[in-house]
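Start from the sequences, fold in the hints, and give me the full structure.
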Amino acid sequence: MNHLYEYIQSYLKSDQTPGAAGNMFWVLVYIMLVFAALSVAVIAMNWLERKILAHMQVRLGPMRVGPHGLLQPIADALKLLLKEDLIPAEADALIFWVAPFVVVLAAFTVFVVVPFGPTHAITDMNIGILFMLGVSSLSVLGIVMAGWASNSHYPLIGALRSSAQMVSYEVAMGLAVVSAILMTSLNATGTGTLSMIGIVQAQQAQGEWFIFKFFPLGLIAFFIFAVAMIAETNRAPFDLAEAESELTAGFHTEYSGFRWSLFFLAEYSAMIAVSSIAVTLWLGGWLRPFPNLLSGRAADLIFSLVPGATFLFLAAMCFFNTVRMPKHPLFRVQTMGLAGFGVVLALVGLVLFIPAVSFRVQDVFWFSSKVAVFMYFYIWYRGTFPRYRFDQLMQIGWKTLLPMGLGVLILTASVALLQQNLWHP
Amino acid sequence: MAPVATPFFFYLLGGIMLLGGILVITRRNPVHSALALIVTLLAQASIYLMLYAPFVAGVQIILYAGGIMVLFLFVIMLVSIDRAGKERQLNSQWIVGTIAAIALGGLFIAVYAKGSGIFPEHALPMVENDNTQNIANMLYGQYMFAFEIASLLLLVAIIGAVVMAKKKI
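Sequence lines, in order, name chains U and X.
Numbering-wise, the working numbering puts 227 at position 221 of the first sequence, and it's gapless, one number per residue.
Numbering-wise, the working numbering puts 100 at position 80 of the second sequence, and it's gapless, one number per residue.
Mixed in with the good hints there might be a few duds.
To be verified - Pairs of lysine-lysine, DSS-like flavour, derived with a Cα cap of 27 Å:
| hint | chain 1 | residue 1 | chain 2 | residue 2 |
| --- | --- | --- | --- | --- |
| 1 | U | K405 | X | K187 |
| 2 | X | K188 | U | K405 |
| 3 | U | K57 | U | K85 |
| 4 | U | K89 | U | K57 |
| 5 | U | K57 | U | K333 |
| 6 | U | K405 | X | K186 |
Because the hints were derived from the structure by calculation, they are not lab data.
Small disclaimer: the values here were computed from a predicted structure and weren't measured.
Shown next as structure tokens:
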């Protein structure tokens, strides 16, 4: 018993990721934490997307279940679990059955290497970014399997579109990623890294996020990635694989109930995964804003207050809306619920003000808030852009993004060579 | 950390690869064959990982499982399954194929039986961290010429495909 306790304790003194320290207990704890956080994030995204889209279109969105529809995702999840799980008679049952799991596995496995902080990752691989791109590219297999196994026209067309789209945009995406990885090698030893934690540490060492490096080259590479990642995740305006006006629901037309919800889960966690690649490569990962410009103890202190202040602000918004709730007796439960939610948020905020907690958690906070900005952009795009036609999509991928990516890669390499050989001989 | 390259994992992955390979040639449905081939390729990537070549494993997953096999499936899905099932499963080259397979099998058995002198007694200690750098140094240093020729070959193939597919350029 004592031995076990020591084994668990020993990791706390190391400054490595649990995977690198080889401590199975903490690896399991981290996997559980990441999985739980992801599920909560997907539920929250479900609510936020409907709410934000509704407000963009001057609607109210879900309002009935819970205060401001806060419990709507739970109601939806219950409905999906209770729904009948259909397998079409002419479908290829085995592949139809396996396809959603392939998509979910690919979407979740990627999070093994996502660096939420210098030690807050399940593990760190020296091929981290390659692993993320590779495993997330496997999700297209699941989509293709789902579309083909349904033995129906709309899913097949959806799957064909999806595979063509993902294979084409992967090329531009890869070129953008390579130009960012090139930037990691601009140090004294001249060796770059593919490890996710190493990439962020390279930005820390060079004192500059890669989006601002060799302005505007880093920015262009980031832009290419930002466009390609929307196509990779099959989201509006590139959601041709599930274009509801043409293909009913695309590759998951024949799916219902639990299996459909797996596709939903996979789509949103894949969105979070590609956003975290973008954050890691170009936006400094877990680093707080302006780590070099506003350095020193005072700036550190002010920035360490931000996580708690954010939660207190959210709590204040909750209380503000509690006051604004209709004063009808029927709304009493909802008002109390909203006030209770506000209290929970305020308590979390207060806990985050404790220096020991804030010191441990602020990396995770900065990383997730950067990812959250991307998630908001995803919703914003969906509310703003009309869907592209398929030939336009291919044209953007092959004739615009690919040449841009090649150009940026060559220019980045040349500038880096010039910088190393001429300015610092 | 305990090494992952244990015989257990080798036999497990080897078994998965063999099973996948057998399924590829025995399934009548071409989509099932392609999916079995993907399983084989993924198990192969894991074997590269066991050999401390993580970069090769990553590239194997991205290129073969994620890229080429998707294009394979893309084409196969458009084939009519009913007609494909009725096609003859053997073609006229089976005699040559059998001879080649027997020759290769004989070679393997010969190496297994009396090949102990060919391989070094102890495997060189491999450093996992330098795998990517080592490959880069070799490709762009020692084997630069071969690498460029291979790229040129691919370029010719791409241009050829475009020329054949497009009637008017």
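Run the structure past the numbered hints and jot down the numbers of the failing ones, going up.
none
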